[in-house]
Amino acid sequence: MASLPKPPPPPRPKTRGNYNCGRCGQPKKGHVCVAPVPVPVPSPAPSPSSSSGAASASASASGGGEHRLRRALSFDEAGTTPSSPEKKPKVELEDEGDRDVEMGPADAEGDLPHDADEATLVEVAGRPVPREVMAEVLRRIGPRGVMAAAGVSRGWRDCAARVWRAAEELRLRALAGSGAALLAALLPRCAALSRLHLRMESDVDATTLACLALSCPSLKTLELTMAANAINRMTGEDLNRFVSEKSSLSVLKIGGCSKLDILNLCSSSLSILWLSDLCSLSKSVVNCPNMSELSLCFTQQSNDCTDLVALMDGLGRTCPNLKKLHISSNLLSNEAVCALESAHLRGLCMLSLILGSKITDAAVASIVRSCSSLELLDLSGSSISDNGVAMICKAFPHTLSRLLLALCPNVTTRGIQLATAQLPCLQLMDCGMSLCTNSKNEKEGPCLGGINGGIRIIRKLSTLKKQPIHQKLIIKHSNLKKLSLWGCSAIDALYVNCPELNDLNLNSCTNLHPERLLLQCPNLKNIHASGCQDMLIGAIRNQVFPLFLNNWHY
Numbered sequence: 001m002a003s004l005p006k007p008p009p010p011p012r013p014k015t016r017g018n019y020n021c022g023r024c025g026q027p028k029k030g031h032v033c034v035a036p037v038p039v040p041v042p043s044p045a046p047s048p049s050s051s052s053g054a055a056s057a058s059a060s061a062s063g064g065g066e067h068r069l070r071r072a073l074s075f076d077e078a079g080t081t082p083s084s085p086e087k088k089p090k091v092e093l094e095d096e097g098d099r100d101v102e103m104g105p106a107d108a109e110g111d112l113p114h115d116a117d118e119a120t121l122v123e124v125a126g127r128p129v130p131r132e133v134m135a136e137v138l139r140r141i142g143p144r145g146v147m148a149a150a151g152v153s154r155g156w157r158d159c160a161a162r163v164w165r166a167a168e169e170l171r172l173r174a175l176a177g178s179g180a181a182l183l184a185a186l187l188p189r190c191a192a193l194s195r196l197h198l199r200m201e202s203d204v205d206a207t208t209l210a211c212l213a214l215s216c217p218s219l220k221t222l223e224l225t226m227a228a229n230a231i232n233r234m235t236g237e238d239l240n241r242f243v244s245e246k247s248s249l250s251v252l253k254i255g256g257c258s259k260l261d262i263l264n265l266c267s268s269s270l271s272i273l274w275l276s277d278l279c280s281l282s283k284s285v286v287n288c289p290n291m292s293e294l295s296l297c298f299t300q301q302s303n304d305c306t307d308l309v310a311l312m313d314g315l316g317r318t319c320p321n322l323k324k325l326h327i328s329s330n331l332l333s334n335e336a337v338c339a340l341e342s343a344h345l346r347g348l349c350m351l352s353l354i355l356g357s358k359i360t361d362a363a364v365a366s367i368v369r370s371c372s373s374l375e376l377l378d379l380s381g382s383s384i385s386d387n388g389v390a391m392i393c394k395a396f397p398h399t400l401s402r403l404l405l406a407l408c409p410n411v412t413t414r415g416i417q418l419a420t421a422q423l424p425c426l427q428l429m430d431c432g433m434s435l436c437t438n439s440k441n442e443k444e445g446p447c448l449g450g451i452n453g454g455i456r457i458i459r460k461l462s463t464l465k466k467q468p469i470h471q472k473l474i475i476k477h478s479n480l481k482k483l484s485l486w487g488c489s490a491i492d493a494l495y496v497n498c499p500e501l502n503d504l505n506l507n508s509c510t511n512l513h514p515e516r517l518l519l520q521c522p523n524l525k526n527i528h529a530s531g532c533q534d535m536l537i538g539a540i541r542n543q544v545f546p547l548f549l550n551n552w553h554y
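Read in UniProt numbering, the sequence shown has 554 at position 554, and its numbers run on one by one without any break.
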């Protein structure tokens, strides 16, 4: 009697499995095995059931013509498992959709292998969470939180690495003492970074710019602001080298540029350039043919020797596509504005020349001849008169929507009323400190404040003349939305009929009589009345509160 075949051993209970591939012995993590699938050798006397099972296993392993490796259906014996090779260095995981994940034999009964679960899940409070969800959570916290999360576990570190790799915009505040070290440690992780905003509390020099140029190859926007106790030590050569090396840079905004001795920029990609706190530039050339916006703010120092005439004259040749120009300097004069006329910048739509006390009506005539479609004109701090305002109204009646004439001592109520009557598209009007009779401010120097609330102290204007007291101002406009009369202490009567007005600034209108105030502005939402008399504030409340005023500042 023939002996029956030995029954097969009971199936091994499911365990965690090996960390190495059962075919080639390499680590499973991130591994796609190319070794041939072992074909099981049939026993001398196989049973019909076992033969059919082996045939089906062999057919499923070799048939179908599929190129992608499939999951093995047979288990290797424990004794045939090769020894583990040397430990593989840690590699940051990419998205699982971009690579194939090998499924090991220890996961025959499950839908996904354990290594795939380990690659896609991360433990949070004892529960598995998909790494995509964890990375999305980390994107909603600040850079400091992401750096702290990287120290929790390996899974969290991989999620943090995903956040850094996918970051396109980053806002950082570099504390004192960190400087370039922080940037060198963090920025290389952000391969897709294109917009960087830095608030520097430590000094900035050529090393910082070199670190930015090396760590951010695809940087398009750089905004660098300085804290009060930090110093920007970059020179003109450092800035010129940085701009020439970054061929993808299109927006550059840097503050605290007091150490720049020269300005010689050449770039075909740069379209927006903001530089503040400039002083005594011996050479100023901006050769950027695609430049559309330029802002240069100079310090209000008596020893400033920048040649603004040469700068203005060169803009027409080097920046022919300039549309927005802002220059703040006490060296602005009629000669500099006339040089801008010779530049033939016909595409200018926004022109801001502020703090130029030597700018008169002759400069306004030059602006009218050189610009045909201005939308914003800011001549705050100049010495233009009502005649200059009349030329502005005649030249831009259908395009000008924002007119700022703050701190213009020669402009009277006649010029303001003329502007509001002849500019139908006007939406913003700023006449702060133009109608002023405060003798205290004449001794200390006037203040320049914008519609956004910013205030800067400048020197006393040589052409400041005393405005007559008891002036009456009548403003009637159908499209005006913002009106600023801050510091107009010469006004004692005010009548405003603007149905679209939503922001009114009456700060420091000390001589305005409550019984001579009339506001017919049904859409008024914000009003500023700090420094006014209590009776005036009460009169404003009585006229405005029935209109459901949203914001009240006094």
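Honestly, the hints are just simulated from the structure, not real lab data. Where hints are given, some of them may not hold.
[To be verified] 25 Å max Cα-Cα, derived DMTMM-like pairs, lysine to aspartate or glutamate:
1. LYS220 with ASP203
2. LYS394 with GLU335
3. LYS482 with GLU515
4. LYS283 with ASP307
5. LYS220 with ASP307
6. LYS482 with ASP378
7. LYS323 with ASP277
8. LYS358 with ASP378
9. LYS220 with ASP304
10. LYS323 with ASP307
11. LYS283 with ASP313
12. LYS220 with ASP238
13. LYS482 with ASP492
14. LYS324 with ASP361
15. LYS482 with GLU500
16. LYS259 with ASP238
17. LYS220 with GLU168
18. LYS259 with GLU341
19. LYS259 with ASP277
[Claimed, not checked] Restraint-style ranges between C-beta atoms, simulated for each label pair:
20. ASP304 with GLU132: 18 to 24 Å
21. GLY538 with ARG173: 41 to 47 Å
22. CYS349 with PRO217: 31 to 37 Å
23. PRO217 with LYS253: 17 to 23 Å
24. PRO128 with CYS349: 42 to 48 Å
25. GLY314 with VAL124: 21 to 27 Å
26. VAL124 with SER269: 39 to 45 Å
27. SER248 with GLY538: 41 to 47 Å
Since the structure is predicted, the reported quantities are computational estimates derived from the model, not experimental observations. Ideal Cβ positions, reconstructed from N, Cα and C, are used throughout, including at glycine.
Review point. What hints, given by number in increasing order, does this structure fail?
Key: The structure conflicts with hints 5, 9, 18, 20, 24, 25 and 27, although it agrees with all the remaining ones.
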